[in-house]
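Asker: So the chains spell out like this:
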Amino acid sequence: MTHPYIPNAEPGVRAEMLAAIGASGVEEFYADIPADLRLDRPLDLPAPLVAERDLVRHMDGLLGRVTDTEQALSFLGHGCYPHYVPAVCDEVNSRSEFLTAYAGEPYEDHGRFQALFEYVSMMGELLEMDVVNVPTYDGFQAAGTALRMACRYTKRSKVLVSGAISGDKASKLRDFLAPDIEIVTAPVGEGGEVEVESFDDSYAAIYLETPNVYGVVETRGRELADLAHAHGALLVVGADPISLGVLAPPAAYGADIACGDIQSLGIHQNHGGGQAGYIATQDHEPLVAEFPSRLFGIAPTKVPGEYGFGDVFYDRTSFAHREEGKEWVGTAAALWGITAGVYLALMGPQGMRELGETILARTRYAMDALAGAVTVLHRDAIHFREFAVEVPSSAALLAALREQGIYGGVPLDDRTVLVCVTERHSIADIDRLAAAVAEAVRNPADAVQNADVKNQETL
Amino acid sequence: MNNAESFAELPVAPKPPLRRFHQARWDEPIIFELSAPGRRGVAVPEPGAPLVELPGSVRRAAPPKLPELAQLHVLRHYLRLSQENLGVDLNIDVGQGTCTMKYSPKVNDRFAAAVAEVHPLQHDDTVQGVLEIYWRLERMLAEISGMSRVSLQPGSGSAAIYANIAMIRAYHAARGEGHRDQVITTMFSHPSNAACAKTAGYEVVTLMPDADGLPDIEALRAAVGPRTAALMITNPEDTGIFNPRIREFVDLVHEAGGLACYDQANANGILGITRARDAGFDLCHFNLHKTFSTPHACGGPAAGACGVSEDLAPFLPGPVVAFDGESYRLETPPASIGKVRPFLGVTPNIVRAYAWIMALGAEGLRQVAETAVLNNNYLMHKVLQIPGASAPWDRRRVEQVRYSWQELSEETGVHSEEIGVRAADFGVHYWTSHHPYVVPEPFTLEPTESYSKEDLDEYAAILAHVADEARRDPEFVKGAPYNQTVHKIDMTPLDDPKEWAPTWRAYVRKHLS
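Protein chains in written order, with our numbering: chain A, 3 to 461; chain B, 1056 to 1568.
Bear in mind the hints are in silico, worked out from the structure with no lab data behind them. Hints are supplied without guarantee of correctness; some may be wrong.
[Stated by the list, open to error] Cβ-Cβ distance ranges computed for the label pairs, FRET-style:
no., chain 1, residue 1, chain 2, residue 2, range
1, A, Glu197, B, Pro1092, 40 to 50 Å
2, A, Gln73, B, Arg1094, 41 to 51 Å
3, A, His233, B, Ala1229, 31 to 41 Å
In this text the structure is predicted, and so the values were computed from the model without any measurement. Glycine included, every Cβ here is placed at the ideal spot set by N, Cα and C.
Looking at chain A on its own, in the form it has when it is part of the complex (with noise of 0.2 Å):
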């Protein structure tokens, strides 16, 4: 049989092709494949589910063995938010001219171009900055993009980067930021916002986020802009999109640079594959040209009121000079900008604002809610979605809440547990939560059986 998905692996139309070629065999095309390279065997693959419905049936088999967040009552977040995903987000990115869309030209792929100037440029309102990269991959490479623009805009090799940022960004700054570029961390208060004790015409930049790991918004932002400033460095703060709705933008506090992760703005959590990443500027041209990213723009065409779009700057890119060209750009997540476009049209101005009112106003009715039965951390701090609480057992007290089909949080060690809480979550919803709490806490010997051995938690 011709598989379905190679037409021309039909024996009757391979002859003539390979007839009109004037070849022998596909082996003439191989040629220049020395023999001792070959691979003399079958690939030793599983055998095929050709058939779809046999597929489907695989595939069931090992999707089904998943309980997802709708199955379970889940307050995981750390970085992968469980938002409400408007439906008409899911109609949009699914519809076939997007997502087999790739890299025409902005003539036959004009809808591409105008839906991702739109998408930037309304990020560009939520974050009063007037310049706004295409995506990169994700958070973590916003971060290290943006420390990178930092150092080559201001010719340092230093930064001061926020104690309150997971472990994982850490992790990824390390690797990203290496070799030529010191890391230095800024330790975390008592409150659960950042201090910083000296800084210097040394540093690039200060890196802070907020809301911070904790969940906690930072509110000396002004203060650490002008101290980046007074000392020729820049400010450089990550910030969830889907706060800016309540919580000033870092452009209204003196950040030069803005960066986060997109995926709270209408993807689902996609098990981590959902993240996406922005960096914002103002319209400075010498910070512009260090951004990697395709930056797409409005240019005139022939015909009057037709818009056209194009990359503004793209002498900046490696797709124009290679090494020469600013780190480096290729596919990385479109679609999810595309996305969020949609995401924040749907919501516009009133339905950020009212969001954010839900989510800060149910974060703290759920840190008062488990205060009575563990130790809630920073309690005097402003909270945004994520609070931190310390328990006896992050482990025995997780495995129990798992007993009851809730996913509690994220371990962020032993004894402290990250808990998340967004306008998915009904009032209900974190009473059960307390509830379970409460009744994991008060029999631990229960808790600690249930944790069990095997059942180690992860990161």
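Position chain B relative to chain A; hints supplied.
Answerer: Below, chain B without anything else, positioned relative to chain A:
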């Protein structure tokens, strides 16, 4: 009873030789121009708890100037924009050479959607099925490449190249050879090899093609030495020419103490034919959105896979999936370079790539390779019959060809970019080449296994027609496009800081205020 006067006859006449295409043209405004105060696309749950008062230092002062639209109007706007694209599902997408535009089976999108609400930090016990897919895909890619272990963490091909370089850097550092500060690549390897190496702190040495179109082995001999960290090379290169002396290249680098890293972003023509490890490579990478069929999605989300030999396995990005014969769990390799991306990988695409390989098996993958190569050679046979088109170096090609319109351009003054834009008026597109244009007036075609003979005939006929138009009326071709969403764009403002408008607010400030 229809009383109107007849004006056409049955049977309907045959189709003309070329498709009478016109791209969707909705003349759609920018979304901000569709806004009216007070409209809403979606409502948000009420807090249900007391509101939190924010201090002035962190409170947003003025609402963001986002557009305000009703739900239908948001949907309609984006569906109109969606129609103004040419994806694989709509065109004979053989023209975006090096990009491996193949069919992404619809059923795989359903599997991908099944992980939509899985959180990446769920306990291992609750995601055994996903971890098993990672494990199985890793084993399959290890078999396809001959490598020992494979990381599925990178978000794309270029991110995988970067991860490979980070492993190379860590490997040399661990052996006290951190002084190796040069990476060698070739002009017809993807520019990300050079760019990622530079970002990672390396000096880049680029080998130019020799008289046969192959990377110059004498130049390599001159370049390798105690400073060599690695060779980063594509094969077949972007020309479609397979370098038969590849093992010598690898050996030369090994003799100098360097590592050999194979850019297999596009391995489509050699699946089951030849393997990276068998040629002596220490590392390689695949783009799952190229060879392994995950959709290109307007430029991502994609996924990359890094394959490494046993010696490099301790340096892989963490975590990777381990299997003890009973259950799957995550572990971080002992000398891991750390994270290159959040979480485990782009799981929806891992799921799609796994399903694609499962639908094909060993024999199917070999058929993919052989058919992609047959299609390429058939299309080359057709294209080279077009006066003015050539394939420099006159050598055998594997899965793609970097052609040249040099002869046609010299004769007519029409450039390759312009021919591509005009070709799009017939419902297909093509890509020229990465910069610099070593092949003059380039165009790169890669017909993969997905297209039929009729598709290839149609594509070649379109190119032949446009080449003929260029001879008859060069100004007409230069004025293209005519059947697209918009007409010819004046790109000059995009490079002028006073005029460029990378967002709507910049456009309003510079041009409407």
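Asker: If a hint holds in the structure, say so; if it doesn't, say that too.
Answerer: Going down the list of hints, with the structure as the test:
For glutamate 197/A and proline 1092/B, the hinted distance range of 40 to 50 Å is satisfied, since their beta carbons lie about 43 Å from each other. Glutamine 73/A and arginine 1094/B have their C-beta atoms about 36 Å apart, which leaves the hinted 41 to 51 Å range violated. At about 36 Å, the beta-carbon gap between histidine 233/A and alanine 1229/B stays in the expected band of 31 to 41 Å.
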